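Turn these sequences into a full structure, and let the hints steer you where they fit.
Number of protein chains: 2
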Amino acid sequence: MINSVNRFIPDNLIAYQGSDEYKNKKRILIDKKQKQLKTVFLNSIEEAFDLYNIKSEMCLSFHHHLRNGDFVIQKVCEVIKERDLKNLHFAPSSIFPSYTNIVDLIKTGNITDIHTNYLNGPVAKTISEGNLSGKLIMNTHGGRARLIESGDLKINIAFIACPVVDKLGNGTGSYGKSACGTLGYAISDLEYADVVILVTDTIVEKIEHKQIDGSYVDAVIQINQIGDSNGIISGTTKLTKDPIGLKIAKECSMILKELGVIKNGFSMQTGAGKTSLAVVKYIRDIMIEDGIKGSFASGGITASYVQMLEENLFDKLYDVQCFDLEAVESYHKNKNHLAMSASQYGNPFENNTVASRLSFVVLGAAEIDLDFNVNVTTDSMGYLIGGSGGHADIAHEADLTIVISPLIKSRIPLIKDEVMTVTTPGCDIDMLITERGIAINPNRLDLLEKLKNSHFPLVSIKELYDITHKITGVPKKILKSSEIIGYVEYRDGSFIDCIYKI
Amino acid sequence: MINSVNRFIPDNLIAYQGSDEYKNKKRILIDKKQKQLKTVFLNSIEEAFDLYNIKSEMCLSFHHHLRNGDFVIQKVCEVIKERDLKNLHFAPSSIFPSYTNIVDLIKTGNITDIHTNYLNGPVAKTISEGNLSGKLIMNTHGGRARLIESGDLKINIAFIACPVVDKLGNGTGSYGKSACGTLGYAISDLEYADVVILVTDTIVEKIEHKQIDGSYVDAVIQINQIGDSNGIISGTTKLTKDPIGLKIAKECSMILKELGVIKNGFSMQTGAGKTSLAVVKYIRDIMIEDGIKGSFASGGITASYVQMLEENLFDKLYDVQCFDLEAVESYHKNKNHLAMSASQYGNPFENNTVASRLSFVVLGAAEIDLDFNVNVTTDSMGYLIGGSGGHADIAHEADLTIVISPLIKSRIPLIKDEVMTVTTPGCDIDMLITERGIAINPNRLDLLEKLKNSHFPLVSIKELYDITHKITGVPKKILKSSEIIGYVEYRDGSFIDCIYKI
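For the protein sequence lines, the chains are A and B, in the order given. Using this note's numbering, the first residue of the first sequence is number 1, and each one after it goes up by one. Using this note's numbering, the first residue of the second sequence is number 1, and each one after it goes up by one.
Treat each hint with caution, since some may be false.
One copy or two, it doesn't matter: identical chains are merged, so the pair holds either way.
Said to hold, decoys possible - Listed below are the simulated DSBU-like cross-link pairs for lysine-lysine, each with C-alpha atoms no more than 30 Å apart in a straight line:
hint, residue 1, residue 2
1, Lys23, Lys316
2, Lys125, Lys86
3, Lys23, Lys135
4, Lys23, Lys154
5, Lys293, Lys241
6, Lys274, Lys316
7, Lys154, Lys167
8, Lys206, Lys250
9, Lys210, Lys167
10, Lys23, Lys477
11, Lys55, Lys167
12, Lys177, Lys316
13, Lys55, Lys107
14, Lys247, Lys452
15, Lys154, Lys86
16, Lys452, Lys263
Rather than coming from a laboratory, the hints here were simulated on the basis of the structure. Predicted model only: the values in this text are computed from it and were never measured.
Quick look at the structure:
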């Protein structure tokens with residue numbers, strides 16, 4: 001063939017036909033070869049133990065987004081038991097009743113130290129009874145992010161249960177057979193652990209909207225099933241029918257209305273319990289009646305908030321973990337249902353966290369004392385039953401923090417001379433709403449002033465305390481043992497209380 | 001110790017003293033652990049051959065920024081010889097006279113195929129003589145970037161000589177004992193090769209202004225010395241004293257002035273030869289006299305352009321490779337002396353390349369024919385002496401492309417009936433300036449129109465051809481052999497000419 005400059009070119013080659021000819025050609029561009037392409041894919045948890053030389057004394061972390069339906073932490077515990085690794089430091093963001101393998105490993109000295117934000121069930125019981133040979137450190141959700149991101153809590157290996165992973169190691173929890181929604185508590189682990197291992201049951205070619213960035217991921221392990229989505233459902237999906245709970249919820253919503261905080265652009269967070277759901281319902285009624293639109297709701301997100309987002313009562317949801325399957329579905333499909341990391345949620349060292357932008361929060365309490373100090377960590381006998389989670393984070397950061405609770409639960413008074421454990425300091429609790437009256441923290445004179453001429457039954461917390469004792473009698477003081485088994489670490493790294501052996 | 005919520009805290013822990021105390025604390029944040037931290041550091045080239053299983057048939061690439069002072073390609077050749085790897089495909093961006101080990105490897109069949117943009121010296125000679133058992137493909141600088149980035153040229157292993165590398169695998173050529181300035185021709189290799197290996201003699205803790213992004217780097221090899229910076233000096237640093245050269249340079253600058261292209265905001269590129277330096281000097285004189293400031297000069301950058309940048313005659317320099325040590329120093333210290341990749345320079349598949357923004361370029365030619373087709377690849381006997389480099393890229397992209405040359409060089413006429421090899425098609429050459437007259441390509445009627453009433457000696461290229469023959473006589477036509485040893489690939493992937501065995 002002769003080309004356009006009159007030169008012979010063999011027929012198997014493309015002959016030059018003018019300098020602008022390429023403008024008519026299709027421009028093929030292949031992918032660049034950055035290192036995130038090189039995530040390792042493994043077939044078992046054992047392989048990861050071999051490859052990364054996971055050994056005694058290491059710190060292993062986990063998240064709890066599959067909650068009581070998580071299988072990953074159980075499976076990792078099996079490998080630890082098999083290999084009999086000793087003196088491990090476990091740092092799961094929370095521990096649920098189904099994580100029973102941890103109990104065995106505590107008793108045999110395989111796990112000796114634990115950092116977590118919340119725990120209940122058999123693990124809580126065995127630690128309360130003094131079986132953990134090292135210490136339990138109870139953190140807040142924001143505090144855990146701070147610990148990791150400041151280097152105070154060094155994680156060697158992060159196991160991240162991840163419902164869907166792609167070929168580049170990117171991940172999401174928004175769909176898949178073990179979908180759990182957002183993965184907010186895993187993000188610090190992802191970004192800071194020495195080795196990051198995603199454990200999944202579903203690998204796809206490409207994830208469009210990733211929450212886990214593959215450039216932080218060292219390995220992906222595919223197993224048969226990482227969890228049971230139904231296990232994520234927290235508490236109840238129905239609001240309370242208990243008349244005392246309904247009364248408190250109604251009173252709470254009316255006070256919020258009276259204070260004028262339910263106004264255009266406001267933001268809120270509540271828990272997922274039956275009474276909280278009733279508070280949300282009453283607030284929704286007020287918003288619809290008064291034509292009010294909020295800016296956002298945050299937290300562990302439930303179906304109630306999903307409904308309000310869909311009804312356009314909020315602009316956005318900021319979701320650190322999905323509390324039910326409606327929230328998972330909404331996070332998957334609604335672009336205004338946004339994931340946030342624990343750090344973006346409530347890390348005290350982060351600027352402009354979601355917690356710091358909250359107009360009000362409504363929280364629970366297992367116990368409260370006359371200084372408004374709240375305990376959600378132990379029961380009145382001293383047994384571990386929970387922990388702060390985000391309690392102390394949002395209590396401090398929100399403009400208005402309300403605790404709601406009946407005065408008597410299972411015949412035990414709410415208000416104590418001294419709570420068994422301080423989880424959240426009283427200076428961060430602005431108001432206690434009960435069925436027999438509302439106590440405002442004396443450090444919130446502004447609230448007292450605003451409500452003094454209202455119809456609300458304002459009383460002092462001491463009056464509520466006295467009312468209770470008239471019904472229940474003065475309970476016997478529970479003597480704590482002198483053996484410290486752990487600590488409650490405040491979100492900033494200081495220590496707010498000790499936890500004692502039963 | 002008793003904290004501010006009246007709780008006992010052991011003395012070795014920080015006691016809680018209020019929820020806002022952390023605001024007075026220093027916020028420590030550690031680095032995130034992204035995968036680019038995991039670049040492998042090796043102590044020898046042999047180790048890399050073992051680790052990445054470098055074997056027969058692979059394609060290995062190199063850049064030529066250390067030019068005649070490069071030691072890396074020589075050392076890699078030694079390892080290939082030792083291990084006797086066969087049928088290798090070499091893809092260095094250029095080949096210089098000092099790369100003598102390649103000659104041996106060609107003769108023994110260790111290297112059988114070569115892609116390059118420019119070659120001279122012993123390797124050029126041995127290929128011209130037919131010793132390469134496969135084919136030589138001659139590309140342009142922009143075309144090589146296109147080949148790699150479109151997947152047409154698959155590089156298995158890229159060896160990138162890199163004067164300074166940091167602990168994260170980031171690199172720069174702007175300083176170090178073997179500094180060579182910008183690394184523009186290595187960027188496609190970096191981003192697209194299967195395995196990227198930096199070879200350095202200087203490792204530092206952290207590079208502030210990296211040109212090589214460590215996230216693409218697999219391994220770093222530290223050796224004693226990667227090259228001799230003095231070897232980068234191209235041609236001469238002094239302008240010509242030859243009266244014919246000076247006359248042509250002066251005429252070129254006057255025509256540019258007459259055409260009005262030396263105006264505020266203009267941009268230009270020239271070569272690094274003695275006559276080109278004289279053109280730059282005359283243009284500089286015009287700019288100073290007329291108070292003109294250009295936007296940029298580009299190319300292989302020389303001290304002349306550095307001076308003009310410092311004199312504020314240009315806003316910026318776009319530098320794909322530094323042609324002398326003044327340019328290296330300037331790139332290191334002057335923030336307006338910018339590196340560009342070969343792709344940003346002249347990849348025909350890139351948008352808005354630097355080449356496409358050039359007002360004019362001044363180029364050389366070994367031969368030119370009556371259709372203005374230019375040969376810079378072979379001499380008039382057919383021996384390989386160079387190659388396009390950026391010649392065909394900027395000839396096509398610039399608004400005005402001028403070739404300058406004396407009519408007779410070493411008693412051989414410049415203008416031929418037929419050039420030995422077409423490097424750059426005549427449609428992309430607008431004007432030929434010689435000591436005996438100026439020929440304008442008939443496809444540029446606009447230039448003919450603008451200059452028709454000027455004092456410039458406008459002639460046809462056929463007239464220049466005839467003038468020459470009156471002096472030299474008609475040269476004997478050199479008959480080419482029929483054996484094809486390689487091809488000249490135009491920047492877009494089409495083929496513009498064949499290269500024949502001597």
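Hint-by-hint comparison with the structure:
{"no.": "1", "hint": "Lys23 / Lys316", "result": "between (45 Å within a copy, 29 Å between copies)"}
{"no.": "2", "hint": "Lys125 / Lys86", "result": "within (21 Å within a copy, 68 Å between copies)"}
{"no.": "3", "hint": "Lys23 / Lys135", "result": "between (69 Å within a copy, 28 Å between copies)"}
{"no.": "4", "hint": "Lys23 / Lys154", "result": "between (55 Å within a copy, 23 Å between copies)"}
{"no.": "5", "hint": "Lys293 / Lys241", "result": "within (27 Å within a copy, 81 Å between copies)"}
{"no.": "6", "hint": "Lys274 / Lys316", "result": "within (23 Å within a copy, 67 Å between copies)"}
{"no.": "7", "hint": "Lys154 / Lys167", "result": "both (28 Å within a copy, 21 Å between copies)"}
{"no.": "8", "hint": "Lys206 / Lys250", "result": "neither (47 Å within a copy, 60 Å between copies)"}
{"no.": "9", "hint": "Lys210 / Lys167", "result": "both (12 Å within a copy, 29 Å between copies)"}
{"no.": "10", "hint": "Lys23 / Lys477", "result": "neither (87 Å within a copy, 37 Å between copies)"}
{"no.": "11", "hint": "Lys55 / Lys167", "result": "both (28 Å within a copy, 27 Å between copies)"}
{"no.": "12", "hint": "Lys177 / Lys316", "result": "within (26 Å within a copy, 56 Å between copies)"}
{"no.": "13", "hint": "Lys55 / Lys107", "result": "within (18 Å within a copy, 54 Å between copies)"}
{"no.": "14", "hint": "Lys247 / Lys452", "result": "within (21 Å within a copy, 99 Å between copies)"}
{"no.": "15", "hint": "Lys154 / Lys86", "result": "within (18 Å within a copy, 49 Å between copies)"}
{"no.": "16", "hint": "Lys452 / Lys263", "result": "within (21 Å within a copy, 79 Å between copies)"}
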